[in-house]
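Each protein sequence line maps, in turn, to chains A and B.
Residue numbering for the first sequence is 3 to 1291, as defined by my numbering.
Residue numbering for the second sequence is 194 to 350, as defined by my numbering.
The reader is advised that the hints may include incorrect statements.
As the list claims (entries may be wrong) - Quick list of in silico lysine-lysine cross-link-like pairs, PhoX-like style, CA-CA up to 20 Å:
#1 A:Lys363 to A:Lys413
#2 A:Lys314 to A:Lys325
#3 A:Lys314 to A:Lys374
#4 B:Lys308 to A:Lys1045
#5 A:Lys363 to A:Lys323
#6 A:Lys1071 to B:Lys308
What the hints assert, rightly or not - Far from chain A, by Cβ distances over 10 Å, these chain B residues were calculated:
#7 Cys223
#8 Pro231
#9 Ile233
#10 Glu277
#11 Pro291
#12 Asn305
#13 Arg317
#14 Ala323
#15 Lys324
#16 Glu336
#17 Asp341
To be clear, the hints were calculated from the coordinates, so they are not data collected in a lab.
Here a beta-carbon is modelled for each residue, glycine too, at the ideal position from N, C-alpha and C.
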Amino acid sequence: MARTKSSPRLKDKRARAKAAESPKTDLTTPAARVVAVGASAGGLDAFIELLSAIPAGTGLAFVLVQHLDPRHDSMLAGILTRSAAIPVQQVTDGMHIERDHVYVIPPDREMTMSRGILRLAPRTSQVPHRPLDNFFLSLARDQESRAIGVVLSGRDADGSAGLQAIRDAGGITFAQDIASAKFDVMPRAAAGAADLVLPPREIAKQLVRIAQQYDFPTIETDVIPEAGEDAQAFERILQLLREQYQIDFRLFKQASVQRRVLRRVLLGGFAGLTAYAENLQRNPADLEPLHQDLLIGVTSFFREPAQFEALKTSVYPELVKNKGPDDSIRIWVAGCSTGEEVYSLAMTLLEFLDDHADAPKIVIYGTDINEKALEKARAAFYSERMIANVSPARLKRFFSETSGGYKLSKKVRELCVFARQDVTRDPPFSRMDFVSCCNVLIYFDLSLQKKAVAMLHYALVPDGFLMLGTSENLRGSTNLFREFGTKPLIYRKQAALGRGGTTEFAVPRAARPKLNMPPVAKPPEADAHDGADSFLVTYLAPCGVLINDQMQVIRFRGDTNPYLSLVAGEATLNLFRLIRHREVLAALRPAVRRTIRERVPVKSDDILVNDDGQRRRISFEVVPYISDPSGPDLYWVLFHDRGVVPARKSGKARGRDRRVDEASEVVALRQALDAVVEDRERLADEAGAAAEEAQSSDEELRSTNEELETAKEELQSANEELSTLNDELRNRNATLTRMNDDLENLLAAVEVPILFVGVDLRVRRFNTTARALFNLDIDAVGRPLVEVRSGVDVTILERLATDVIQSNTEADVEIQETGGRWRLARIRPYRTSDGNIDGAIIALIDIDTLKQSVLTAERATRNASMLAEASVLLASSLDYETTLASLTRLSTAEFCDWCAVDLVNDDGTIRHLTVTHANPVMRELALQFQEVAFSEPDIAPGAPEALRRRTSVLLSDIAEAKLSELRPDAKITQLIGALGVKSLISVPLIVRGNILGTTTFSSSRRRYEHLDLQLAEELARRAATAIDTALLFREAEAANRYKDAFLGTVAHELRTPLTSILGWVQLVKQAPNMADQALNQVEQSANLLRLFIEDLLDVSRIREQKLRMDLADVELANVVRSAIDIIRVSASLKGIRVASEIALSPAPVVGDPVRLLQVVWNLLSNAIKFTPPDGSVEIRLDRRENEARLSVHDTGMGISSKFIPHVFELFRQAEETEEHSPGLGIGLAVVSQIVKLHGGTVGAESPGIGQGSTFTVMLPLALPEAEQIASGSTVKSGRRSRARNPMPE
Amino acid sequence: MPAFSGLFPHQVRLPSGLKVKKMDLPSEHCVLIVDDDPSIRLLLVTFLRHKGYQVLEAQNGREALTAMCAGHPDLVVMDLVMPEVSGWDVLRERAADPLLLRIPMIVISASNTRKVTADVLDKRVYAVIAKPFDLDTLLTAVENCLEDPSGLAVEAA
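Generate coordinates for the entire structure from the input sequences, incorporating the hints supplied.
Here it is in structure tokens:
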């Protein structure tokens, strides 16, 4: 390795020389290695533990930096003196650092180090105060790789940045093991920048070990000698790195490479470079830390804040100049490390473009050779320490806080593309507007820098910007760029020079796969060897070499040692360099040329050579060898040994021989010379001709070549860009695949059918539940939504989706599936991350249960209000015919197509009270339906069945009800069809156990369910109650009327005898001679009055159940006879015949004789009263079984059949016979009651009005038990007795 | 007491304006008493004869109509509620027959006279007298009626 190490090494030496210049330093003693130890809270213990383990004589100097109270003097130095084996002192300004000393920072001072001297300054007002970082940074600057930093216990993050700086400078760093630290915040923060994390005692051990290693000369000087064991080891290490990572660190600045290698030796505790190299060979994995060290990327966000502000004002305005929104700003950050600079540029550029309308697009390429760093850059995730330089405003705008750090926003991340690229080797990008290559060139040696700069130059557009690090410059390449600014260091591409850099652009073209690897002789293909071998066998197998037209030896054959030899200098396989004898070489050159030119074998004469005192003759021949027509031209050079020239016996002979030999040699040489001259002349001629030809074609080729070069470079650039993009795309693709998987799984897990549609309303995506719901198959994607065949009405969905997409709103609509299931269609716009609407998402949430509940509740409310309305209606009037008609109209409006109320008359016939149909035209059909239904009650659905079973009948679906009895030709079937009856409810009207009739509801649209039945029943109940109330009221009214009439009758009956009495009395006063007649009349009338009043009293008693009975055994025959005696006079007065047939044996009845007389008399006088003159009344008494039968028959006016049931009711009589016969009606009621009190019955018969009537009384006989048993004989005896005792009259 | 009998078909009408002369009757005026109650009938017959009127009697509507058609009575005093053919029937027959309408009518009733008065308003009844009645009141009504049959003196006592 003999490259450009001189400059850094010199610099190092200079630095050390300067340090040595200080007067106090012993020139023979190496300068101290400075160990900076920082701590804060809990640091004292750690200091003591560390220092107490440091023996004297290590040569290390310790500088302790501690957070101290600025208002008090520090006791630290005093305390530590007791524990340390070496002197401890508090620092004063300008103190020189010496070996084996401990220096302690004083309170309230800012301490730095410069050229080995400690400097103190008043504390700045900067908050927070960071003494550790301050000192560590100055130490890193001053001592570079010689610095050692230690961070111990503490409670803030001070020191971590400084530690990183020491490490970046090539120094060695330690942090306290968290477990051993009293306070772990500080060591935890510093751990990331520490090479080793250990407890203080272990740190001390490592320090001692490292101090010992400084004694190795190579490490002590920090420079690896150019030759020797260490140099070989170093070479081997670089070789290993080349093999492993394809990076040739020989091209990097050797000083820094060496420093970092040596640092690893120190850290690993290896005995020396050789040991380290051997270790690496055994464990290639150990190469990685070294590799990372070598590629160390010193970067951070807004590393030089001023620099980025300057870019905003100077460079960015130039970049956007002449760029429209369709153009893009292309930026390349070469050596981007972990991406901070790339993102910093992106952020500042975005900020800059905030003020620009129609801002161009931004593309920033970040490249590095360190894949690990690139991975971090791609992740765009940074810890809190890393974003320390980012302002809160930027943090808010461009970052999002996530666990453990901050992530760049997508907006920024998307602008940046990261790829592995070696700026010195791989084709560069092209047409860049701005290239940043900060702190990259410093790692390269000069030639590599030149190449890199040429690359960068190529990558830029004319006038493009190049930004370099503050400590860099363009050195020899200034002709390519002109300076634009110094802070930051910015150059612009010299537009006029165009492709001026091409001449220096050769390296990357030459060898992409293996850069500058030592040329290894690649043997030709195996079958070529076999062919060559067999060829040689036929050629008597001489020894020789196979060469190509470049004189490079490709293959050795046989023992060529006598003819060839290796020479000092650069290793080569050039045949002409290998030829041992210059005599042979002289002949060989023209021979080979000729063979190459003419493709003919050339054979030499014998050539005399002197070989180790032996004189030998050698000849050779050059034979063209074509193994493969398409392969390269190859030539065999074959050597022949012509034997040894025998040595002379004597000196004379030898002398003569020598002369002879010399003479022949001269001849040979002359011949050779002639040949050479001839050859040269001919060559000159040919060359002249060729030169002319070449010159002309050269011009041509040059231009062609130039063009091709350009094209090729562009292609390579394009290719590089493409492969970069490809990498980026692959990365994003992986992310996308992952996200897609997540999304798919999420969608599958959500059991709500979800459908994505595009702006064109075509299906874009759907989940499995949606597939089932919409009957979608795999290739449904892309199909228009309207074409989806589903139970859901997609036209509604389509319309809603259109609205949502166009108005960027949301829509929630309840829709019903064909099966009746309710779903909530929730439609949301599909918003892309940049806020555009790109379709809609349709989720169909199953709300059936909920909806059904709501519907049920709604229906219940409607039903309740309908019932309320019905109640009001029914209560509005006692005219139930009208109110029921209104009710049917009400329910027709709300509940059914038609509604009918049918009542049962007393005789069991049906009265179709009211029928209402929503369509009045159809009313007649509905009426027919009810009529037919009741006329065919066994087969007709609905009302007849409800009537029969006294329960409600619900036919939800007539078609389903399987009314098998219904013949298709039955009239009811036709009516069902004509009315479109689909669903039917019939409810009986039942009040107090009495069935009044039925109500029937029918619908052609609805399907009545249980709930509807409930409503119908409720309606029916109210209707029934209303009917019942109305009927009761009518009855009450009628009763009232009867009572009024009765009172009138009573008055009439009282007035009549009273009139007679008063009249006679008045008459007697005027005509006293008529007194007798008058008194008779008065007495008669008064008797009538008394009887009537007694009747009335009886009625009253009966009503109050206070009728007194004096029971005795009564012979009915006697009673009947007495009654006939009483009425005979009045009957004969009216001209009515009274006949009697008394056939009853002396069996008595138990009863009240007076009451029984009253019964008989009443019946008789009633008969007489209603029988016109010349009529007849027959009375008959006989025995039926165990009862006495008394019947009274008259030929009077008779009783209508309608009235018969009411004959015995109180007050009943008056209505029918008002004009003709007052004074009756009480009598029959009294009769009936008295008979009942005797345990008997009374009945009335009449064939009709004007045809007479018969009243029959049955009374139980008081029979001995024996006679009761033989009832048959009683009848006979009854007949006998009648035969024996015919009626006397 | 022999009831007035004889079958006069209702359709037989006397020529208008012809006054049937009651040759065999001592008084100028003949009053027909119609009541189903024998006691009241006897009372009225006795009373009016005592006062010098010729009196006919009928115990129901059918007999009354027969007598009226025969043209005997100058005035009818009639009860309403009677078996077979009632007083109401008589009033309806009379209203349909202009000849019968010429015979003035006094109604005596044991029913609610106010209601009766209202009911007979269009039947050209001279007076309605409630039972029980004062014989003098009845007599006054009979005299007034015979004196001026056209003056309606429907009255309830």
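Results for each hint:
Distance check on the hinted pair: A:Lys363 and A:Lys413 sit about 12 Å apart at the alpha-carbon level, within 20 Å; holds. Restraint check for A:Lys314 and A:Lys325: the C-alpha separation of about 16 Å stays at or below 20 Å, so the hint holds. Of the pairs offered as hints, the one joining A:Lys314 and A:Lys374 is violated, with about 31 Å between alpha carbons and a cut-off of 20 Å exceeded. Annotation: proposed proximity of B:Lys308 to A:Lys1045 holds, straight-line Cα distance about 17 Å (limit 20 Å).
This hinted pair checks out: A:Lys363 and A:Lys323 have alpha carbons roughly 13 Å apart, not beyond 20 Å. Proximity of A:Lys1071 to B:Lys308 is assessed by CA-CA distance (about 32 Å); at most 20 Å being required, the pair is judged violated. For B:Cys223, the non-interface assignment is confirmed: its Cβ lies about 20 Å from the closest Cβ of chain A, beyond the 10 Å cut-off. Annotated as non-interface, B:Pro231 brings its C-beta within 10 Å of a C-beta of chain A; the closest such distance is 7 Å.
Remark: the non-interface label on B:Ile233 conflicts with the geometry, its nearest Cβ contact in chain A lying 5 Å away (cut-off 10 Å). At roughly 6 Å, the least C-beta separation between B:Glu277 and chain A is not larger than 10 Å, which violates its mark as non-interface. Every beta carbon of chain A lies more than 10 Å from that of B:Pro291, the smallest distance being close to 24 Å; the non-interface claim holds. Not every beta carbon of chain A lies more than 10 Å from that of B:Asn305, the smallest distance being close to 6 Å; the non-interface claim is violated.
With a least CB separation of 19 Å from chain A, B:Arg317 remains clear of the 10 Å interface cut-off, as annotated. Separation of B:Ala323 from chain A is inadequate, the least Cβ-Cβ distance of about 8 Å not exceeding the 10 Å criterion. A beta-carbon of chain A comes within 10 Å of the beta-carbon of B:Lys324; the shortest separation is about 4 Å. No Cβ of chain A comes within 10 Å of the Cβ of B:Glu336; the nearest lies about 15 Å off, and the non-interface call holds.
Its beta-carbon lying about 25 Å from the closest one in chain A, B:Asp341 satisfies the requirement of being farther than 10 Å from that chain.
When each numbered hint is compared with the structure, violations occur for hints 3, 6, 8, 9, 10, 12, 14 and 15.
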